[in-house]
Amino acid sequence: METTLTHVARTAAQAALLVAAAPLVTGLVQKLKARLQCRRGASVWQPYRDLAKLLRKGTVEADTASPFFRAVPVLVLAATVATTAMLPVLWAPAQPAAVPLGDAILLVALLALARFLLAVGALDAGGAFGGMGASREMTVGLLVEPALMLTVFSVAVSAGTTEVGLLAARRAPLALSWAAPDLLALFAMLILALAETGRIPVDNPDTHLELTMLHEGMLLEHSGPGLACIALATQVKQLVTLTLVAALFLPVGLASDSSPASLAIALGAFAAKVLALAGFLGLVESSYAKLRFFRVPHFLGLGLVCAFLALALRVL
Amino acid sequence: MTVELATRLIDVLGGLLLFTMLLILAAGQVFRAIYAVAAQAAFLGVAGAVLAAATGNVDLWVIAGITVVAKAVLLPWLLIRVVRRVRIAREIEPVIPVHLTLTIAAGIVVLAFHLNASLGPVRQAITGNALPVGVTLILIGVLVMASRRKALVQMVGLFASENGIFFTAMAVSQGMPLIIEIGVILDVVLGALVMGILVLRVRSSVDADIADLESLRG
Amino acid sequence: MTSHLLWIAPLVPFAAGLVMLLVRDRRVLAALDVAASLAVLGLALAVARAVSEHGAVTALGVFRADALAVVFLVLVGLLAVAVSIATVGWMRREVARGEMREDRLRFYFALVHGFVATMVVTVLSDNLGILWIAMEGTTITSALLVGFHGDRHGLEAAWKYIIVTTIGISFGLFGTVLYYGAAAHAQGGVFAGAMNWSSISAIADRLDPGIVRIGFVFVMVGYGTKAGLAPVHMWLPDAHSQAPTPVSALLSGALIKCALFGIIRFHGIARDACGPEFSHGLLLAFGLVSVVVATPFIIVQHDLKRLLGYHSVEHVGIIALGLGFGGRLGTYGALLHVINHGVTKALVFLIAGDAIGRYGTRDMRLMKGFLGVAPIAGTLLLMGAFSLAGTPPFSVFVSELMVIRAGIATGRWVSVAVFLAMVVIIFAGLVHHVGQLAFGAADGHVERGREPLSPLVALVLLAIVMVLFGVWIPIEPDRVLSAATEIVVG
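Protein chains in written order, with my numbering: chain A, 1 to 316; chain B, 317 to 534; chain C, 535 to 1024.
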């Protein structure tokens, strides 16, 4: 039975780990893509250097931007970092936490809030790219968020709770015995992960051409430390999504106490899962082309149907 | 292999079959649909092997093998050859919007599983979720055929429908008699051959996709 | 001895078909064709005699000939003979006109006999799986025949035919699988002959009604597609009109009846498993919808063979209605209608093919004065058309009257009223169309020649049967039909 203090300390440690490791995951995906394209590619630590560089630079703003625009990067970063507190990275508590810090519904809501703030900020700056990127991003969000909720519910129904840490702990004993609804939910989640992390075939994170930007369009007006905040938030969101997939579907190796041995196992398991999922992202990015925007709803519709069926089959 | 493990594996394979069916429905290109139906037939062969190991029925091994060879290798190869010969455009234009077909497909799945839940103890005669998955595959196969304008995609829908029937047939008691299954597969292959012949003949005499011919009306 | 007949019967046309692939001379092909068909008819009659003397005959554990199968078997044999005789003259004219190439004739004949062989297997099979396989075999062979000419319309019709009927038949396979599952569950495991109709029929009252209901719905939709019941009949007018005329006669006369045979077999099991109301209700619904849907298309039709195709939809609906009304009278009427309609439709199709050949067009508005051009054929056409419309003293009238009386006896007033209304409308439409065709003066470019003997013999043969059954049903067929009715009614 863990005390409130232990729980808070563990949560803080997990959050710090996620935030610190987020740029590294992006670096890994970039490296994998480069290797698949027969290049050497930049170092895996490059995103850290990019963030440092951005923090040193000054801020340039549009004339039409309001004070709210200056606040957006910090708010987005805060919302995204807050979601890291709700995921089981290393520890999976066997009993409900003494201080409930939030469950999966709050997680999805915070991610949606971050998306909303970004979009509003982009509109606030008054640029054409910002407006277009914002409208496209919200369209994608319209399809992704319900599917995400349905997937989470489908898994939550089998475990009886929506608190992700508890869910992972309850599902850990039957970790690899999937049933048909689990498979459908996994496939839906993988499709949604591509959308949430803003990768091909939904969006292209490497480009700044106006016709291919969803996420990048909203970032165009930010600069300097603001841009650094948003870049970090994007990377944290990516890692949060991957950790959510791992917690829902692969809850193995999670520690229940603080002994060094179980911590080491938990850390290793976490690294392996994230590496595997990051590899999946990199492979998909290198194998497919970006979909025309009008076809993105079809792709996401497939994910939505899979998620819906995962929930329906669980109930029927 | 215990019956319980077999039932669980059949459940998982049923989920995989459902997913590949949705892929066929949402496929934007002919090749993706063909690969999806080939994967579906491969899963079907695995299901046959699982059932063979569970029930000890030797015939099922043979049926699983023939299914993989005929429906996962031979028929997709035939389709790909026809596609290359005919050199049709790769994209599939649906008659009904994709969202609508996906929604109808979801409705069909829910309906089939609800139907399954309303049946009585005879459900045990059919392992796992083979019955509702079979019904789903059949009906969604018909949906694919009704909502696509390309002859080859209609054939893919037909093969997917038949995969559904095979799945249920293999899971019923201990599978149907061997001679019947062989006869059925033979018929399927012959039918596919005839369809391929018709598609190619239309291409050579009239430069159109055979499913696009709409002049007989009224 | 008689059990050997059962597996020889399909083997004869199959072997004949294979032999024909090697022959190139047209006359030899025609002679082989007629000989093989006569053999099939002879075997069918021999089986009929054996069944009426000894009861049901089985062979090899998968074949079974009882009174019900005999009805359909003799129909197939009779139509095969008539079509073969007519093909002799038809083929000569087609080759002369350049519609058919001589070197492809052997494929045509081989396919026709393969087609006949698969139909024979369908009606003789006891094993429900073999029934399905043979049914699919008929689809494959007849699809190639429908698109044989290779023109645009023919290929379109052949594609629609094979796609729609294959998916339909797949539904039928699923229904078969469900029946098998129900039987295996009731028996507690797999047993020898588990897929045989006779064994499943014996334990029918122990089958789980839920599964049998679902199975019968799938069978009804599946085999109903092949039979041409609305609303899954869309392929029928195209396929039956675009096929070469002898093939159309076989398709409309024999094939759709074989599909109905399949439905009747499953209906027998469903009747015992979940009560007669369910399957009767379904048959009634499909039958009524077919009759109602076919009527407007018959009225506005211009293409002669398409008109006959829609007519087939209507008559299959009548057979389903008869089965749906149930009881001895309705079932006897339905089975009698199977024979009557098969004979009459084949007759009219063959004459229609002759007419289309002479006039060079299918459009009925352009065809006039057929009676003057070909007196005997024209007279037979008028007789056939009146028969199809349900006029006495022809055979179709008798069976339709029985169906109506059965409907009145079971108290289904609405269905009978709708049916009568449709029949009246169709009578008017058909008489109008055929009258326009037969009377008047023909144009100059119409091919008038003397009427060749070969189609005439077949036509007269069919007409004799048509008139005979309209006036008085001979004792032997009556006995067989009554025995078949007993099997269906249970």
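No lab work stands behind these hints, which were simulated from the structure alone.
Some clues are possibly wrong.
Claimed, not checked - With a Cα cut of at most 20 Å, we get these calculated SDA-like pairs of lysine to any residue:
{"no.": "1", "chain 1": "A", "residue 1": "Lys290", "chain 2": "B", "residue 2": "Val402"}
{"no.": "2", "chain 1": "C", "residue 1": "Lys902", "chain 2": "C", "residue 2": "Gly945"}
{"no.": "3", "chain 1": "A", "residue 1": "Lys290", "chain 2": "B", "residue 2": "Trp393"}
{"no.": "4", "chain 1": "A", "residue 1": "Lys290", "chain 2": "B", "residue 2": "Val414"}
Unchecked claim - Derived contacts from chain A toward chain B, CB cut-off under 7 Å, selection only:
{"no.": "5", "residue": "Trp45"}
{"no.": "6", "residue": "Leu54"}
{"no.": "7", "residue": "Gly58"}
{"no.": "8", "residue": "Ala62"}
{"no.": "9", "residue": "Ser66"}
{"no.": "10", "residue": "Ala179"}
{"no.": "11", "residue": "Leu183"}
{"no.": "12", "residue": "Phe187"}
{"no.": "13", "residue": "Leu302"}
{"no.": "14", "residue": "Val305"}
Claimed, not checked - Stretch-level coverage of chain C by chain B, calculated; a stretch enters the list once three of its residues show a Cβ under 8 Å from a Cβ in chain B:
{"no.": "15", "stretch": "691 to 697"}
{"no.": "16", "stretch": "705 to 716"}
On a predicted model such as this, the values are computed, not experimentally measured, just so you know.
For each residue, glycine too, the CB sits at the ideal point set by N, CA and C.
Against the structure, the hints come out as follows:
1. A:Lys290 - B:Val402: violated (27 Å)
2. C:Lys902 - C:Gly945: Not satisfied, since the Cα-Cα distance of roughly 44 Å exceeds 20 Å.
3. A:Lys290 - B:Trp393: violated (28 Å)
4. A:Lys290 - B:Val414: holds (19 Å)
5. Trp45: violated (38 Å)
6. Leu54: violated (38 Å)
7. Gly58: violated (46 Å)
8. Ala62: violated (37 Å)
9. Ser66: Where the cut-off is 7 Å and the nearest Cβ of chain B is about 37 Å from Ser66 (chain A), the hint is violated.
10. Ala179: OK, holds: Ala179 (chain A) within 7 Å of chain B, min 5 Å.
11. Leu183: holds (4 Å)
12. Phe187: For Phe187 (chain A), the interface hint holds, since the closest Cβ of chain B sits about 5 Å away, which is under 7 Å.
13. Leu302: holds (4 Å)
14. Val305: Constraint on Val305 (chain A) satisfied, holds at 5 Å.
15. 691 to 697: holds (count 6)
16. 705 to 716: With 8 residues closer than 8 Å to chain B, the stretch 705 to 716 of chain C meets the three-residue bar; holds.
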